[in-house]
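Participant: What follows is the residue order along each chain.
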Amino acid sequence: MGNWLLEVKDLKTYFYTDNGVAKAVDGVSFSVAHGQAVGIVGESGCGKSVTARSIMRLVDYPGKIVGGQVLFRGEDLLAKSEKEIRQFRGKEIAMIFQDPLSTLNPVLTVGDQIVEAIELHHGSGGLPVGLPLERLNPFMRRRMREEAWKRALEMMEQVGISAPEQRMAEYPHQFSGGMRQRVMIAIALSCNPALLIADEPTTALDVTVQAQILELMKELQRKLNMAVILITHDLGVVAEFCDRVIVMYAGKVVEAGPVDDILFAPRHPYTAGLLRSIPRIEDRHRPIQTIPGMVPELHNLPSGCRFRTRCPMADARCAAEDPPLVNVSYDHQVSCLQAIA
Amino acid sequence: MLRPLVQVRNLKVHFPIKQTLKERLAGKPSRKICAVDGVDLDIYPGETLGLVGESGCGKSTLARALLRLHEPTAGEVIFDGRDILKLSPEEMQAQRKEMQLIFQDPYASLNPRQTVEQIIGLPLTLHGTSPGQVRSRVKALLRRVGLHESCIDRFPHQFSGGQRQRIVIARALAVKPRFIIADEAVSALDVSIQAQIINLLKELQRDFQLTYLFITHDLSVVSYISDRIAVMYLGQIVEIAETEKLFANPLHPYTKALLSAIPRVDRKKRERIILKGSVPTPVDPPPGCRFYSRCYLPEKNPACRAAPQLKEVEQGHYVACHYAALESPFLRRGVG
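Chains as they are written, first to last, in this note's numbering: chain A, 1 to 341; chain B, 342 to 677.
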């Protein structure tokens, strides 16, 4: 099976806190093919962002990746040294976040920040990658900078920022929220990554701007044949953007499959509950069906199935056994002993 | 005809921009931010009026102006027959009992150093409940919003986001208001918790005959909870209609684009209108239609430089667009 771009196998990321061990990601497995758009959905605290950060090895203390494999083009990223992983981070796998204002450096111009990313990874002008700039002679340095600047201009145009030359000299605070996210996308895509991880990229944006950004991401994804992992809590966004969906709950994958199967024929009671919780205009005159209770605390999980305390279908078996993720139909997996038929 | 509980007439809230010395010396005219610029609105007793719009369109400023948390520059806010902008501070204090506000962020709107009893008890004490009765009233309120009585001595950090929002709702209910403004009250919550809070708000409305002004940018929430919806753009209302009517037949080009942009879990493929650019700045907006710079209508022409008035085009459906009322074939196509 050399077809997968990314294979995550039994990934475990735990947080060692004063209150005990919080199993934020507890045995997550999934795969992403070349050019595929995969959505990871779930509520706050279900481990979707930690999963993404674990792929990039960006988990901070007190978090620790304690087990599993992250195979990128067959190479295990978790086994790499810190120096080796830098060859992947930003170059092969890029990431964008929810809040572009806190990700961009406020005291550097937008142009400088795009150029920085390109120079770091791109060895443009036939120069070797990763060579420290100060070791180059001034002539080479200038040539490299000019090449990078040209590439940055191209990127600004590609993400739909008008008057790029002028805007490259501006600072992040001079950009609107949607424009900042475009800059982030420009930085992320400047090195032609094979995989883009987008963590709630449109959550902070207005609906009309969200539509613009999703459209842009879709277009660039097709053009660059790039795989995307989109992390979101918004099932509507998933419906618009993704080919495949992974539903997470309390650190585990509860259901995974093609987008239409998950959204229109969910098999896990949690997925079904989530879908029913979306307020709809047709249901105005009756109460929304909700999932009772709340997400369990991660360092104090129930035995067996983690969803059983909120599940309408749970019985004694669910308390005793941890349900495995099994295939229910082609490419559709569910982790539930009572999976909806 | 039912008399509106809240009538807003030509309400304006302008914030002057402080000039630099250089600008003053150069004799530049002073500029102002027209956050709310001529809003007319009727809110009927017992209804939920949804107010939608993008960030910076002035919806929160409008909400605050209704409670005089921002002093309006001009206009009238008539609550149950009285113009509250003319009330003295003491009268206004008493008036606030009738109107309460729920904010988006339950973390920020609860004092972390007070217990639930102190938090919910304060409005009770301020509006004349005797100290002996406060505790039992707070307990009753907690039960009403679906929290356990034993929560009464706990602090806000001991609750989850959804529970905190329930405390905020209990505090708003404490003084038995008739009118509640919910400013993005469920936007920060997860879907499953959001649904619980929406159900609670609907239940309370039925039980206490509450009138809601429900402000949000989330169109699926607003479509579910509102009886009527007002769409705001750059300080002005561009369209008001009953919820079903607005979704079935949006007339203003902005409303149309906004509705088509909602990502929906839906098998139907919809035609999507993607607006260019973003909302322009509310600093001294040009006269005429505010939407002019982003309007995509083929009919758009220099006549739009004259400000369109909010006109009733069918029963209860108001639009501020020169062309919405016409048989524009472009606008007549449904959003789906």
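I should point out that these hints are in silico values taken from the structure, not numbers from a laboratory. Hints are supplied without guarantee of correctness; some may be wrong.
[Claimed, not checked] Taking CB as the label site, the calculated pair distances span: (1) Gln-499/B x Glu-146/A: 37 to 43 Å; (2) Glu-412/B x Ile-85/A: 30 to 36 Å; (3) Met-313/A x Asp-607/B: 44 to 50 Å.
[Claimed, not checked] Computed list of chain A residues with no C-beta within reach of chain B, every gap over 12 Å: (4) Leu-78; (5) Arg-145; (6) Gln-333.
Quantities reported herein were computed from a predicted structural model and do not represent experimental measurements. Each residue gets a CB set at the ideal place from its N, CA and C atoms; glycine is no exception.
Participant: Each of the hints needs a verdict: does it hold here or not?
Facilitator: Now for the hints, and whether the structure bears them out:
{"no.": "1", "hint": "Gln-499/B x Glu-146/A: 37 to 43 Å", "in the structure": "58 Å, violated"}
{"no.": "2", "hint": "Glu-412/B x Ile-85/A: 30 to 36 Å", "in the structure": "56 Å, violated"}
{"no.": "3", "hint": "Met-313/A x Asp-607/B: 44 to 50 Å", "in the structure": "27 Å, violated"}
{"no.": "4", "hint": "Leu-78", "in the structure": "30 Å, holds"}
{"no.": "5", "hint": "Arg-145", "in the structure": "31 Å, holds"}
{"no.": "6", "hint": "Gln-333", "in the structure": "20 Å, holds"}
Going through the hint list in order, the structure does not satisfy hints 1, 2, 3.
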